[in-house]
Amino acid sequence: MSNAILPLNIGNIKKAQKILDGNARKTPLVKSFYLTSKTGGEIY
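Under the UniProt record's numbering, read the sequence shown as residues 1 to 44, first letter to last.
I should point out that these hints are in silico values taken from the structure, not numbers from a laboratory.
Even for Gly, the Cβ is constructed at its ideal location relative to N, Cα and C.
Don't take each hint at face value.
[To be verified] Quick list of simulated restraints, FRET-style, between CB atoms:
| no. | residue 1 | residue 2 | range |
| --- | --- | --- | --- |
| 1 | Tyr34 | Gly11 | 26 to 34 angstroms |
| 2 | Glu42 | Ile19 | 27 to 35 angstroms |
| 3 | Ala24 | Tyr44 | 15 to 23 angstroms |
| 4 | Leu6 | Ser32 | 29 to 37 angstroms |
| 5 | Lys38 | Ile13 | 32 to 40 angstroms |
| 6 | Lys38 | Lys14 | 39 to 47 angstroms |
| 7 | Leu20 | Tyr44 | 16 to 24 angstroms |
| 8 | Asn3 | Ala24 | 29 to 37 angstroms |
| 9 | Tyr44 | Ala16 | 20 to 28 angstroms |
| 10 | Tyr34 | Ile10 | 35 to 43 angstroms |
| 11 | Lys38 | Lys18 | 39 to 47 angstroms |
| 12 | Ile5 | Leu29 | 41 to 49 angstroms |
Input sequences plus hints: build the corresponding full structure.
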């Protein structure tokens, strides 16, 4: 993996979107009711 720092702009965001499309998948965010009750904060 490269350590290059790219400027944050819409062009680079769209380029990253095209690279990730089909290679990454959306996963559900599931709340942990047990850890939430134990910590007092919302834990997912």
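Status of the hints after comparison with the structure:
1. Under the hint 26 to 34 angstroms, the C-beta atoms of Tyr34 and Gly11, about 44 angstroms apart, miss the expected range.
2. Taken as a hint, the range 27 to 35 angstroms holds for the pair Glu42 and Ile19, whose Cβ atoms sit roughly 31 angstroms apart.
3. Between Ala24 and Tyr44 the beta carbons are some 18 angstroms apart, a value that agrees with the proposed interval 15 to 23 angstroms.
4. About 35 angstroms separates the C-beta atoms of Leu6 and Ser32, a value consistent with the hinted range of 29 to 37 angstroms.
5. Range check, Lys38 to Ile13: about 37 angstroms between beta-carbon atoms, so the 32 to 40 angstroms window is met.
6. Restraint check, Lys38 to Lys14: a C-beta distance of roughly 41 angstroms satisfies the suggested window 39 to 47 angstroms.
7. Distance hint check for Leu20 and Tyr44: the Cβ-Cβ separation is about 21 angstroms, which falls inside the suggested range of 16 to 24 angstroms.
8. Take Asn3 and Ala24: their Cβ atoms lie about 21 angstroms apart, and the range 29 to 37 angstroms is violated.
9. Between Tyr44 and Ala16 the beta carbons are some 24 angstroms apart, a value that agrees with the proposed interval 20 to 28 angstroms.
10. Between Tyr34 and Ile10, the C-beta spacing of about 41 angstroms keeps the proposed range 35 to 43 angstroms intact.
11. Restraint check, Lys38 to Lys18: a C-beta distance of roughly 41 angstroms satisfies the suggested window 39 to 47 angstroms.
12. At about 29 angstroms, the beta-carbon gap between Ile5 and Leu29 misses the expected band of 41 to 49 angstroms.
The structure fails to meet hints 1, 8, 12 from the earlier list, while all remaining hints are met.
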